[in-house]
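Given these sequences and hints, build the entire structure.
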Amino acid sequence: MIVVDRNTTFIGSFNLDPRSVDINTEVGLLIDSPELAEQVIAYMNIGTRPSDSYRLELEKDDKDQARHATSRNSG
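Counting from 1 along the sequence shown, just add 747 to a position and that's the residue number in our numbering.
No lab work stands behind these hints: they were computed from the structure.
Every residue gets a Cβ at the ideal spot worked out from N, C-alpha and C, and that includes glycine.
What follows is a set of in silico ranges between Cβ atoms, one per label pair, in the way DEER data are often shown:
1) Ser798 to Phe757: 23 to 33 Å
2) Pro765 to Gly794: 20 to 30 Å
3) Ile778 to Asp809: 48 to 58 Å
4) Val774 to Asn754: 17 to 27 Å
5) Asp809 to Phe761: 36 to 46 Å
6) Arg802 to Asn754: 29 to 39 Å
Written out as structure tokens, the structure reads:
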């Protein structure tokens, strides 16, 4: 989802990369609605709070093996 100028919202599968532009078949909606834009912003603000996020940590051992760990409350 992308919100532009708190007015227009894009919702779809399109990624901002050359593959999505030139190769893949993507679908998206461009919606002109300040009300929807505000709802999306509010939803994203809640969903990206540090208390609801994970922090990724990478640890390497002597054998060049990696262990990925996540922890709650990364803020």
